[in-house]
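These protein sequence lines are chains S and U, in that order.
According to UniProt numbering, numbering within the first sequence proceeds without interruption in unit steps and concludes at 256.
According to UniProt numbering, numbering within the second sequence proceeds without interruption in unit steps and concludes at 256.
These aren't lab readings, by the way, just hints derived from the structure by calculation.
Any given hint could be a false lead.
Only pairs whose alpha carbons sit at most 27 Å apart, straight line, appear in this in silico DSS-like list of lysine-lysine [stated by the list, open to error]: (1) U:Lys12 with U:Lys85; (2) S:Lys210 with U:Lys210; (3) S:Lys12 with S:Lys86; (4) S:Lys85 with S:Lys12; (5) U:Lys210 with S:Lys12; (6) U:Lys86 with U:Lys12.
To be clear about the criterion: a stretch of chain S counts as covered by chain U if any three or more of its residues have a C-beta under 8 Å from a C-beta of chain U, and this derived list gives those stretches [stated by the list, open to error]: (7) 164–171; (8) 190–197.
Cβ atoms here follow ideal geometry from the backbone N, Cα and C, with glycine treated the same way.
Number of protein chains: 2
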Amino acid sequence: MTTHCNVNVSGKVTLLSAGPGDLDLLTLRAARALACADILLIDDLANADIDTLAPNARAIRVGKRGGCKSTPQAFIQRLMIRYAKKGLHVVRAKGGDALLFGRAGEEIAALRDEGIEVAIVNGVSSGFAAAAGLGISLTHRDHCQGVTFVTAHMQDHGQPDWAALAATGTTLAIYMGMSRIAGITTALLASLPAHTPAAVVQHAGSAQEKRVVSTLERIADDAHAARLGSPAVILIGGAIGEAQRAVSAKGLAHAA
Amino acid sequence: MTTHCNVNVSGKVTLLSAGPGDLDLLTLRAARALACADILLIDDLANADIDTLAPNARAIRVGKRGGCKSTPQAFIQRLMIRYAKKGLHVVRAKGGDALLFGRAGEEIAALRDEGIEVAIVNGVSSGFAAAAGLGISLTHRDHCQGVTFVTAHMQDHGQPDWAALAATGTTLAIYMGMSRIAGITTALLASLPAHTPAAVVQHAGSAQEKRVVSTLERIADDAHAARLGSPAVILIGGAIGEAQRAVSAKGLAHAA
Chain S
1 MTTHCNVNVS
11 GKVTLLSAGP
21 GDLDLLTLRA
31 ARALACADIL
41 LIDDLANADI
51 DTLAPNARAI
61 RVGKRGGCKS
71 TPQAFIQRLM
81 IRYAKKGLHV
91 VRAKGGDALL
101 FGRAGEEIAA
111 LRDEGIEVAI
121 VNGVSSGFAA
131 AAGLGISLTH
141 RDHCQGVTFV
151 TAHMQDHGQP
161 DWAALAATGT
171 TLAIYMGMSR
181 IAGITTALLA
191 SLPAHTPAAV
201 VQHAGSAQEK
211 RVVSTLERIA
221 DDAHAARLGS
231 PAVILIGGAI
241 GEAQRAVSAK
251 GLAHAA
Chain U
1 MTTHCNVNVS
11 GKVTLLSAGP
21 GDLDLLTLRA
31 ARALACADIL
41 LIDDLANADI
51 DTLAPNARAI
61 RVGKRGGCKS
71 TPQAFIQRLM
81 IRYAKKGLHV
91 VRAKGGDALL
101 FGRAGEEIAA
111 LRDEGIEVAI
121 VNGVSSGFAA
131 AAGLGISLTH
141 RDHCQGVTFV
151 TAHMQDHGQP
161 DWAALAATGT
171 TLAIYMGMSR
181 IAGITTALLA
191 SLPAHTPAAV
201 VQHAGSAQEK
211 RVVSTLERIA
221 DDAHAARLGS
231 PAVILIGGAI
241 GEAQRAVSAK
251 GLAHAA
């Protein structure tokens, strides 16, 4: 197997965006970094086959896939630091884009405190892949002037301010919200009309992708009836209404 | 030159995300689609060298680079339809991710109305690349639970509701705002403290990248003094404050 690793890397950590699903949604730069990896730490939501792109690396799975207990964040950080200090190139692969909801901020701070060089390689976040699956723009200009990516899973176990988020008029892309989708949509119904378009896309960007398009009032029930669960992105807003035409037109293909 | 085009494509359009700058920030899927392109329509903000990845394609520049008048949207759509109906594979390359602020919604609708198959290939939006350049997470969980991508350039020439956007507590990533940055920051100062961290990243994700980190009160002047102009992303929020430590630590490298 040829590796294409022609970069001189030693003693550093690459925070690498593994994208939303299929491995061909990684960037060319990510593929190059993986080819040069000595140690590969694979996160929960990253494609489990990503180690096939890192033939020289020792792969360590640090997620909770398979019902195991999640690897503590502090332990992951210690692993990265230890291997980097040995002069190895550590690649930390995170699902989606590493800079969105990925604890990257804490990891960067920990590495920086140890004087370890950090490279960041961007990628495709699952909210974008969800829109691609639905065949729509996240920000169709007839409907809105932006999109808000928000996690339903807060550090203090509280809730985001749904009324404030609704008041922006932006498309809402809600991550990590499936376990409380009924509560989220109920909260949003206090601010948005019941017929506001809504969708759920599970496993966006992968062969397992499943989609439901509905309304804010019905999406929790419809997603439940279609047996959609985590990981998924919940999309809400006028721009999502374009999906109904798009999907029914049947002209949309996923891959190039 | 070998092309690696081993996909049977004919008579369709691929809306392709060209990423924020450097060509190696394209996805592997995007590179494969380009290798199979017969016609390549290159947008304003896409890397002008993207045609090097499409050796079999006739490249047509449809942006306003070089001071030429912008190609009208309707004309671009007619071009796509005409070539696709000839059985050619048309690749429409847009800067960043095609599904964010890219008129993709209108193009998908026009193609759908003609019964033309559309494939969408996601990519890296410049807001993510800007955060990578600053060495920060967009959503450090000590500071916020999300990020809002918003365009300052509205269809009706109005302004986004800056007070509503500020009230979400999310990081704000403002696109196409450099020509009115003073007005935007003045509007936000009605809702946010003067010392709120702020940054401008021009040409994010490319070798020409320039960055200024400052505060909401000073960023317009500081970006002006540093001669930063379009295209740039303006980032505002507590999470951006991590950039000051990150950049001064000097440990951050861009590429893998």
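Is U:Lys86 close enough to U:Lys12, meaning Cα to Cα at most 27 Å?
holds, 10 Å
Holds or violated: S:Lys210 and U:Lys210, Cα atoms, limit 27 Å.
violated, 40 Å
Starting from S:Lys85, check that the Cα of S:Lys12 is at most 27 Å away, please.
Within the cut-off at roughly 8 Å; holds.
Coverage claim, chain U over the segment 164–171 of chain S, checked by counting residues with Cβ within 8 Å (three needed)
As far as the segment 164–171 of chain S goes, the hint holds, because 6 residues have Cβ atoms under 8 Å from chain U.
Next pair to validate is U:Lys210 with S:Lys12; report whether the Cα-Cα distance is within 27 Å.
Holds, at about 24 Å.
Please work out if U:Lys12 and U:Lys85 have their alpha carbons no farther apart than 27 Å.
holds, 8 Å
Counting residues of the segment 190–197 of chain S with a beta carbon closer than 8 Å to any beta carbon of chain U, are there 3 or more?
It is violated, with 0 qualifying residues against the three required.
Take the C-alpha atoms of S:Lys12 and S:Lys86, compute the straight-line distance between them, and say whether it is at most 27 Å.
holds, 10 Å
Hint violations for this structure: numbers 2, 8, all remaining hints satisfied.
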